[in-house]
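Participant: The lines below spell out each chain.
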Amino acid sequence: MLNQTNINQMNNFMKQFNLLLIAFLLGSITVFSQQIEVSGTITDESGGAIPGVSVEAVGTDLGTQSNFDGNYTIKVESGKKLKFSYVGMKTLTKVISDTKLDITLVEDILGLDEVIITGTSGLATRKQLGSSISSVSAKDLSESKANVSIGEALQGQVAGAKINRNSGDPSGGISIQLRGNSTLAGSSDPLYIIDGVFINNSSASLLNLGGNTQNRLVDIDPDDIERIEILKGAAAAAIYGSRASNGVVQIFTKRGKTGEPKISFSTSFNANSIREYLPYNDTQLTWDGNTAVPAERYNYQDYIFQKSTGYQNNLSISGSSDKTGYSISLSQYDNEGIVKNTDFSRLSGRIRIDQKVNEWMDVSIGSFFSNSFSNDMPNGSNYGPITSLLFADNINDVSPDEFGNYPNIGWMPNPYESIDRIKASQEYFRSISDIQVKLRPFNGATINYTFGLDNSSGEGLLFIPNGFSTFSNGRAEKVTAKSLLYNSDLNMSYFTKITDDIKSTTGIGYSYQYDETDRFGVINSEVGPIDGVVTLNPSIVTGGSDYRTQRAIWGGFLQQSFDYKDQLFLTLAGRMDGASTFGADNRQQFYPKVSASYSISDANFWSDNIKNIIGTFKLRTAWGQAGNLSALQPYKIYTNYSAGVYGGNIGYYPQTTQGSADLKPERQTEFEIGFDMALLNDKIGIEFSYYNQDIEDLLINHDLSPSTGFVSRFDNIGSMTNKGYEILVKAKPVSGDFGWEISSTFSANKNNVTHVEGGKMSMAFWGYVVAITDQPLGVFYGTYIARDDAGNEVLDANGFVQGAKGHYEEITLSDGETYLQAVQDFDPISGQPTGNTLKKVLGDPNPDFVASLTNTFKYKDLSLRIQFDMSQGGDVLSWDKRMNYLFAGGEATGLELSGEIPKGSSSPKFGIAEAFIEDGSYVKLREVALSYNLKLNKSYLKSIKITASGNNLISWDDHWGFDPEVNTGGQTNGVTGVQMASVPIPRVFKLGMKFNF
Amino acid sequence: MKLLKYKIIFILAIASMFVACETDFNNVNQPAEDQVLSTKDGLLLASIGMTQHFSTSSLAPIVEIPGLSTREFGNLSTYLTPSELVAGGTSLPEDNAGTTRLWSRLLRDKGVAESILANADGVDMEAGTKSGLKAYAKFFKAMTLGYLIQNFEQAPINNQADGQATFSNKATVLAECISLLQSANADLAANAMSAEFEATIPGMDFPNMINAFLARYNLSADNYTAAISAANAVDLSSMSVWLYDGSSNRNPVWVFAVDSDPDTKPQDNFGLLGDYIPEAGDGRIDFYLSASSDVETDYGFHGVENAVGFFSNASSSIPVYLPGEMLLIKAEAYAMTDLASAEAQINLVREKTDDVFGVNAGLDAWTGDATDQTAVLDEIYKNRCIELFMSGMRLEDSRRIHDSFTPSNAIDYVSERNRNYYPYPYQEKANNTNCPADPSI
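Chains A and B supply the protein sequences, listed in that same order. Here this note's numbering = 1-based position in the first sequence + 900. Here this note's numbering = 1-based position in the second sequence + 213.
Don't read these hints as lab results, they were simulated from the structure. All residues carry an ideal CB built from backbone N, CA and C; glycine is no exception. The reader is advised that the hints may include incorrect statements.
Claimed, not checked - A short list of chain B residues far from chain A (calculated; beta carbon distances all over 12 Å): (1) T236; (2) T303; (3) V627; (4) P652.
What the hints assert, rightly or not - Here are a few chain A residues that sit away from chain B, every Cβ distance over 12 Å (derived from the structure): (5) T943; (6) N1199; (7) P1429; (8) G1551; (9) R1613; (10) I1854.
Claimed, not checked - The calculated DSS-like cross-link candidates involving lysine-lysine, where the alpha carbons are at most 30 Å apart (straight line), are: (11) A:K1632 with A:K1397; (12) A:K1739 with B:K253; (13) A:K1511 with A:K1397; (14) A:K1835 with A:K1845; (15) B:K253 with A:K1740; (16) A:K981 with A:K1397; (17) A:K990 with A:K1740; (18) B:K565 with A:K1705; (19) A:K1740 with A:K1623.
Go ahead and model the full structure; you've got the sequences and the hints to work with.
Facilitator: Written as structure tokens, this is what we have:
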């Protein structure tokens, strides 16, 4: 029934769509006229040649690029206009009057002339947009970075983004949060699109490695990227509908450009090391009763961590002949981890062919494949060497004896044995392909059709040999996961002049997106004792799983933009969409948006006098809505029954979670306002945006009264807000032979949960990470130190700190829910805490702000880039520190042994969460890169660029532990700032060379 | 115009690709509720699933939770849940995980039984299969409701999807249990259960099982004549058991009380004190217990033994009810009016050597004062505690037979029970405005 209704709806929609198409086509015309050859040189203001400038005959599909010396030649019809564009320069359009045309391009510090594709109907320059859209070009994705993935390459580039590398593992996951958290149960990562293909960036791990999960962007080589566009919230992303409230990141890969074929080869070598050891017990004593007696203490970290190396090679060839453009690249990446026996390697290749079929049709075909392989080591909250490190007393030599036997050190695995004997690997094969057809049926109209396919298959293998200290029978696991995504998108736009002053662009589009997953695993907990024999015997498998999902998302949009005198811009849009994961009655969701921008500096009253100071000033504002469905796995609308066997018969029993047929997407309403300003002849550019997001209908799995027959159910019952501002400042104080550029981003976000059922709900880590009404998402909740009214610690009889005790009083929160507030009680006689152990909110992992400062100095062909990243005001819940208080290998025991602190003063802190909340603020010297571009200008070799760089060199922080940045919560939303045996982010030195042939 | 025609055909071809797009997907991993409840196969599968869940997940708290409050089990761990239960009194909080488990699992089973009853009539099937399906669901609902009312002062007769189920008092709940069981009997009388349904739930003798529970609930409801006649209708040689395969379904009491260093183990002397301590030579001691020198490290420092009997290993079957219970029901019902007949029933239990499950006291006849009703009832209580050991009955038995005893509010590791009823679990109170106030103790 339902199915049929939807198909009917779509049928009707498509009929109307087809009629519209025919109307478009009837206007089709073709024109021919005489051609002349125009040539010239393109330079910048200081007279330097600019290679690679795109030269395009307006209104035709003729185009070329300036060569290495800045020269260009193009055949074009006389009287036509030529458009010269280059990233970072203002686009210039000239009418052809002569065969010679030299051009000087001036800098465009705000990039207002850049064409933005994502979220617009067709092409729009940034100037026309009402919302702040970041665009990052390959030039800014510094090649010196030890980038394993795109996320890391973006660090420090995007105002409004919090980019966090969650683990220092060589394939460690990276989360990108745009303008704060916008979901509680789902992933807060944005929607990723590569060349029009909606891709899988899942963090589903094949093996349970205890917190360190890869995200699938790791399959993509950052070297292939030409440009990235980032929509940060609902106001910009409304036309992406139900999956866009976390923002949209669209990646454009390199394409063949008109001009000579370009061949480049780059190679690099890097060396990795641990930046800082976890503090440990380095006091060469141990307790014998109450006496400290000499003992040898070991630094197990010397065995766990290593200095490691990696290398990277990339070959790319691109070019374009008359009608065919091509770009081909092959790359190889291989990097060892700083934890012994971990590594990550990736082989990838990409090809793109752009073919002009005829005057009105272009076809583009792209194909990408990769093979990613990692050797992993369990850690985090799971068994593994760093986890053991937290619990072990480092008084034992845990290296194997002469027969290869590893000493047993209790209930936790011997860390040396884990390092040497656990084999965990994950391998993914990935292919992403697309076919795009672009039609220009008549002047002003374009029709784009994109079919994208993202296919991946992964295999995880875990092997713990027989005889391992904590798995005496061994354990073997094999898990395979397949995923297939495809999207089919049809977009049309029509541009027309209504009057001389008013131009109109109309966009209409329809998209169908489908994805399916298939995961299959088997576990064998009886592994034979012969090392190296690792396959699972299917006849004695002791466990496993088989789970498959399918999902579809579909919807259409209509977007209308008006342009008044190239000064005032207005856009109205709406999207209607649905997803199979939601209830039938809530399938069709409508997301509107309105945005406007006013380029005041283009108005008549903006005199030259003002222009000398403020060259460009643009005001913009936008309002829009978008949805999020990442919180909901498929089939949650159904009450599902699980299989069980009784008396040899199969039976089915309802799961504890009841289905809810009324589920709908989470909805974000965002308002933003801001300005773009260029000062002092484009020496300084400032972008400022303020935003206010209301997120409603948060999907939360909440408790039911058991008399329903169920335990919990997902419903749309929570809400929260994000308010913040973001600033991007770019400056070029000095240019010429010696150049100095500054780029700085600043992002402040304040999250506030406005409603969760019951006022408080646990999110993760055994109730330590919670959502509480009137608090930021993911605050830490736990026991705290007893203090008197003056704030002084109330010590126990031993003079040690102790946990607060007392009673709870009900208070009413702003959403009417009640919350139990802790009130301390003290014994009137002894003054000691009395009553129940109390818990309260102890810290907030959300930073007050994150900021970056990059200075680039240039002297002729030499350049030096220095980047600082900063995060201030976020707290870290450190299990690493907690364990240190209790277990003898921890630093605290060392301090007690050496007499620096009293014996027994540390262990009480193990039970007081406040004592292991750490300040997560840091300033990091993220990168120093020195590069020299040697211009040879030979026919066989044009240039060599040599770069020496260092990453994660220094961290200024008050944090106890490895690194304030890592997060055992992984890419799970809402859970940030939790540390438990996570691999720290390595310090990396890298030497690279790039040859341009 | 030829070109135009190509353009049109081309674009229409693209556009038409959308028409065939699918937008609804069934769950291929698990069936959804409406798939299960709308067919005969689905309803039969739900009956099996309900049996599987009850016999493992629900039976564990049915035995363990009141067992901890009535000294059947000692607590060898320091975990919060058993520690709070053996302490009892008002220190047992509403969010105790054990009472919450008992409450919510029974309600889930009851919910499935209700779903089967609500849908069975709408599905075509053979008359004997339908009568079996419905009779079993009615039995199941009565049984789950019965276990709820043995542990909580009030219970919701019907689950409610909106979370606001209304509660009924004990008399009303028991009347509902009795009426459900009578209705189950009537279903089977009208259409004898088909072989198909009998094979669906193996190991059970339905008419005897239904009558046994009728006897149990009539006794609880003080319907003594009805209790006697229902007990008389039970063939004592009939066996109905919960089955375990030892791997995917493991004996739940074995799991929590026997398997690898358990947290809870049966107390010495069945947890009985003074006159209630089993007499030397009582065959039921060796049936249920094997000696162990373990002692609690706190919580009263009771000695504990190893559980055997129906809990010896992962695949041991557990009786749905014991024939000895029928004799003891009759004894107790007669004890209200006819002490001599009560004594005769007590002696049938004491002298039993031919129990179909092997629960044989093998003792001599009772030598106590058969003219003293209290003495007779105490002897019945003692025999219930021993005969029906670890079956989840002792809290109800202690409260019914020793109703003059009121547990104290303080922590109590010794008295024969430390609660009368459990507090309603927090999750119910927080989400159901109809949840009544907690019992005072």
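Participant: Tell me, which hint numbers fail for this structure?
Facilitator: Failing hints, ascending: 1, 8, 9, 11, 12, 15, 17, 18.
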